[in-house]
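Residue numbers (the numbering used here), protein chains in the order written: chain E, 9 to 168; chain F, 797 to 1385; chain C, 3 to 349.
Just so you know, the hints here were simulated from the structure itself, not pulled from any lab data.
We put the beta carbon where it would ideally sit given N, CA and C, even for glycine.
Be aware that one or more of the hints could be misleading.
[What the hints assert, rightly or not] List time: in silico PhoX-like cross-link candidates among lysine-lysine, alpha-carbon distance up to 25 Å: (1) C:K38 with C:K147; (2) F:K888 with F:K909; (3) F:K1109 with E:K11; (4) C:K325 with C:K337; (5) C:K337 with C:K147; (6) F:K1042 with F:K899; (7) C:K147 with C:K325; (8) F:K876 with F:K933; (9) F:K1109 with C:K38; (10) C:K38 with F:K820; (11) F:K933 with F:K1042; (12) F:K1042 with E:K11.
[As the list claims (entries may be wrong)] With the C-beta cut set under 7 Å, the calculated list includes, among others, these residues of chain E facing chain C: (13) T12; (14) M102; (15) D103; (16) H104; (17) F105; (18) C109; (19) S140; (20) I143; (21) C146; (22) G148; (23) Y149; (24) V153; (25) L157.
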Amino acid sequence: MAKTPVQFRLNGSDRAAFVDAPETLLNTLRRGLGEFAPKYGCGQGTCGVCTVLVDGEPVLSCLTLSVACEGRHVETASGLADGPELHPLQAAFMDHFAAQCGFCTPGMLTAARALLAKNLSPTRDEVIEAISGNICRCTGYEPIVTAILAAANAPGARRA
Amino acid sequence: MATMEMRKDLFADERDDNLNVVGKGLQRQDMPGHVTGRTRYFDDHGFEGLLHLKIVRSPHAHARIRSIDVSAAERAPGVKRVLRGADVPVNKNTLLSLINFGKDDEPSLAVDKVRYKGEPVVAIIAESEAQALAARKLVRIDYDPLPTVFDVEEALAPGAPTVNETYPGNYFEYHERFDHQKLRFGDVERGFASADIVMEHRYQMSPIEHAPTETNGTIAAPDQNGRYLVHSCAQGLFFSLDTTAKIVGLPSNMLHFVGGTVGGGFGGKVDSLTEPLAVLGAMMTGKPVRFVLDREEEMLYGSPRGAERIYVKDGLMRDGRIVARYIRSYFDAGAYTRLSSYAAIKCTAHVPGPYWIPNVASDIHVAYTNRCPSTAMRGFGVTAVDFALEVQMDRLAEAANMDPMEFRILNAYRDGDMKPHRRAAKNTALIECVQVAAETANWPLSEQARRQTSHTGGAGERGQVPATVIDTKGQIGRPDTRAGTATQTLPAGTMRIPLSKQPVMDGSRDGRAAPTQVPRYEQVSPAITPPAPPPYTSSPYQSTTSPPASQLPPGPPMPAPVPPPAPAAPTQTQHGAVRFSSVFGTRRR
Amino acid sequence: MARHEGRGMASVNYPIGMNLGGDPSQALIHSNPEGKFTVALSAIDLGQGMKQVSRQIAAETLGVPVEDVFVDTADSDTGPHDMGSFASRGTHRMGNAIIVAAREARGVLLEAAAEELEVNAADLVTDGRGNIHVRGAPSKTITVKATAQAAQFKQGKTIAGRGIFLIPLSAVDAETGEMNPNTAFAHACLVADVSVDDETGEVEVLRMTSAYELGRVINPRMVEQQLVGGAWMGISHALYETPEPYYPSIEHGPRDFNEYLMPGPGEIAPYHVTVLERPAPDGPFGGKGPGEMCANPVLPAVANAVYNAVGVRVDELPITPEKILRAIRANGGVKPGPRRGGPVNWR
């Protein structure tokens, strides 16, 4: 099958790959570009561990075609920190011990980032809504919700 | 909202809280990696030329395999290799063979028969996942369906289809003698006869999926020096390495397992579901091979928590004392043993829960059914029994017209009490947990209940091994003996298993003063008198909470449970003593 | 049609460490030339916190700052044998192995310091901040770093330690079940407040209150993680989860997270835990292990609370709306039990 070239920005840098037409963004990121922050959890769009931002919108990369990302800006949890400086969400996740096995964490952070980019003072219900597509099997969600609420009003929380 | 408080005032004289690092809520070493996405799990490794392995699974719960035709699949685009059972060097294993527990009973790829829906039959290795999935549809397997059995008690009934020929009666064989594991302590029949109320109820645990967000998987790659590098999600790295070495027929030092960072397990990553075939695939193709379960496979065929059916029968006095408890349980192993045989032993040791009861017995059966093999899950062998026991305790409290909390405290085990597996309890704290939970939940307790402590009221007569009625029912290959009860009474104090040498780590004190100390070993004997609390150093901690109920002066004891028959002098009999291996059922061939 | 509140409780214990023993754990610890330590294990961190627990136990025993210790759990080539992370054995078994290894490494460290200070090693103490000094004479001191450099480049000593911890395998008697199953128990009592809707059969867990006795708490933040996450799993087990909803039938199995039910972040029950510490004589610094037991009391406590609320027993898990409605009908309607206590004494 002929491969299709695709170019997009990944966490602020230009990237290119040759993909099969039905290839998912998750596969291109992980197997094509070596970006392992988004995880495979179900391939069905039901767990959220593959969540990335495309032009600022949270999408499930396991259900997103790579060819549909041509020319767009893809951001993963790896792009959250500003150089060595942690994003307030990352700092809050640490402060509130909001990760155990850590496998859902990149997707959770990305979903939370998309929320805060639009809403710096979310209610608890809005936080819950924002991560309702992200499954965590370890924490019981409580520390994650608490961490996102704590990060919401921190300086730099809206930082893209 | 979740909150946690520490009650440093309780058991303070048994601890030295003056430690530098232990006891501090320090940040996790792995947290920076988690929040930056840098933590590497087994699948987060790139390999040039990575191949992908997918499994052809049985659509039948029980069927004979007439023929397998993989020729079309082998010719499919991108397919590098198709594996069948004959390609697996040692195609029969049982997980606990590593510690000589049970007989090899499970193939990596089914050969003559499938025993559950979803059992692996053929493995396809291709350049892409899509190609492997496409080729999967080209495999032709001709099945001859067989009668099935799914219910544990039906599986043990006469005439049930044999699920797993290694265990022809559909039960795991214990000690080369019995179709179940026994526990006998005192005389439950006499206890029931003397009780004011006898009640029995049936409880059923559901199977449960571990559902870690990371599914099971492995990447195995040929490495330098002819070895294989294996990125594994195993919960036991050497457990999986040794299992894999046995199945693929390699010396263990040819395998280099890398793992240790796992995206959730809960028991679902103990079985080495993917490591052996991934390594075999790498051996056969000379390429790195990735074998990852998809979510549907993980949910349906990734081995669940075993369903356990539990019958609990209790003899209760009107004043709330439980005088006899008998538990009959059936663990659903599914089609292969995996770890169920072991769960039954753990359950046996757990009976009758955290209570002192003078007459206790249990019969724990492991039954084979045409179901996906079950395995360990968080609380293995205990979770389901705790559900049954604690709902039963609620019923018993109501029958005795007692508050459920007070009923627990009345029957709670205490330091020095003899447990039915014939070892004395120590370091107990059930009473204090009940008192603190009641206090925090604003659940009123009587003054008498608030004054009980785990330190006192146990041991003495409660620390003795009673005269015990034993029997020979349930002999292997003799379903007619299931009801039979050739009985015999062992004298009080009978002990058959050597007391283990338990390492003593001075755990309750700071060990830093003795830099080169290794564990001491001491003979642990059943306590006849309550053990003295360990010597203590003072705690600098001052409680800021109200004085706990358990620090009130000890009050009058709650009604003492019926003492067991007066103990005779302890006798060490060797009758029925077991060899090292007999705990594990039949010796592995 | 109404919602009925009820309250139930359960108390449990849990055996710590693999039943029957026979499950060794090993640890290797060594220092680099600057007195920074690596703990090499083949233990597994699956989220429960093996790395950090090991790190704190090693730092405490070595007598060095925790940031001077890193734990590697990754590799069968460098990490010595360990049975694995299951059966609530990680902290107990591996923690003890690490103590043994760290004591040996600390012994070499103090011998090297004694040689530099020209004193007896038995008279030396560590301050946990990177210094070694003579007991009662803090001015006679040397840093761990200088000691490690001296050991490496002057004295030719290896600051390292090996540790193993093994509870020997116990046999089991065929006729009585006599055995040496385990060496320590953890304990818990949990109270669940629920609301049951008699029209839909739905159960909402309103709040939970518990007390856990866990031996020495190695890291309270991580204990909280386990207990809070485990309680969530307990609710999930009690009310939602099963891959075989009509067990023993194998049909109707869920294939994805849309069909396999678990509570989400919108269904969190407020939860208060009190932790008690009665150290286990054979545990690392008295530690036991909360990893598995933290779901166990929730299942029966919720079942008992449902009974208290509406008077029906559901003895087959999970406690689904269907089972509750059928039971209420069979029972001739809702029959609430006695009220138990008042509002909780927290928040």
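The hints, checked one at a time:
1. Proximity of C:K38 to C:K147 is assessed by CA-CA distance (about 8 Å); at most 25 Å being required, the pair is judged to hold.
2. Straight-line distance between C-alpha atoms of F:K888 and F:K909 comes to about 13 Å, which keeps the hinted pair within the 25 Å bound.
3. Proximity of F:K1109 to E:K11 is assessed by CA-CA distance (about 68 Å); at most 25 Å being required, the pair is judged violated.
4. Restraint check for C:K325 and C:K337: satisfied, since their Cα atoms lie roughly 16 Å apart, inside the 25 Å limit.
5. A distance of roughly 71 Å separates the Cα atoms of C:K337 and C:K147; the hinted pair therefore is violated under the 25 Å criterion.
6. A C-alpha spacing of about 14 Å is found between F:K1042 and F:K899, which places the hinted pair at or below 25 Å, so the restraint holds.
7. Distance check on the hinted pair: C:K147 and C:K325 sit about 66 Å apart at the alpha-carbon level, beyond 25 Å; violated.
8. A hinted pair counts as satisfied when its Cα atoms are at most 25 Å apart, and F:K876 with F:K933 qualifies at roughly 16 Å.
9. With a C-alpha separation of about 58 Å, the suggested pair F:K1109 and C:K38 falls outside the 25 Å cut-off, and the hint is violated.
10. With a C-alpha separation of about 20 Å, the suggested pair C:K38 and F:K820 falls inside the 25 Å cut-off, and the hint holds.
11. Note on F:K933 and F:K1042: the hinted pairing is violated, with a Cα-Cα distance of about 30 Å set against a maximum of 25 Å.
12. Straight-line distance between C-alpha atoms of F:K1042 and E:K11 comes to about 41 Å, which puts the hinted pair past the 25 Å bound.
13. Given the 7 Å rule on beta carbons, the hint for E:T12 is violated: about 29 Å separates it from the nearest Cβ of chain C.
14. Look at E:M102: its Cβ only gets to about 11 Å from chain C, farther than 7 Å, so that hint breaks.
15. A hinted interface residue such as E:D103 counts as satisfied when its beta carbon comes closer than 7 Å to some beta carbon of chain C; here the least separation is about 10 Å, so the hint is violated.
16. Checking E:H104 against chain C by beta carbon gives a least distance of about 9 Å; that is not within 7 Å, so the hint is violated.
17. At a threshold of 7 Å, the smallest CB-CB gap from E:F105 to chain C is about 5 Å, leaving the interface hint in force.
18. With its C-beta approaching chain C no nearer than about 3 Å, E:C109 sits inside the 7 Å limit, and its interface hint holds.
19. A hinted interface residue such as E:S140 counts as satisfied when its beta carbon comes closer than 7 Å to some beta carbon of chain C; here the least separation is about 6 Å, so the hint holds.
20. Residue-level restraint check for E:I143 holds (minimum Cβ-Cβ distance to chain C is 6 Å; threshold 7 Å).
21. With a least beta-carbon distance of about 5 Å to chain C, the hint placing E:C146 at the interface is held under the 7 Å criterion.
22. Hint status for E:G148: holds, given a least beta-carbon distance of 3 Å to chain C, under 7 Å.
23. Taking 7 Å as the C-beta contact cut-off toward chain C, the hint placing E:Y149 at the interface holds, the least distance being around 4 Å.
24. Evaluation of the E:V153 hint against chain C yields a held restraint, the C-beta minimum of about 6 Å falling below 7 Å.
25. For E:L157, the suggested interface contact is broken, since its CB lies about 12 Å from the closest CB of chain C, more than 7 Å.
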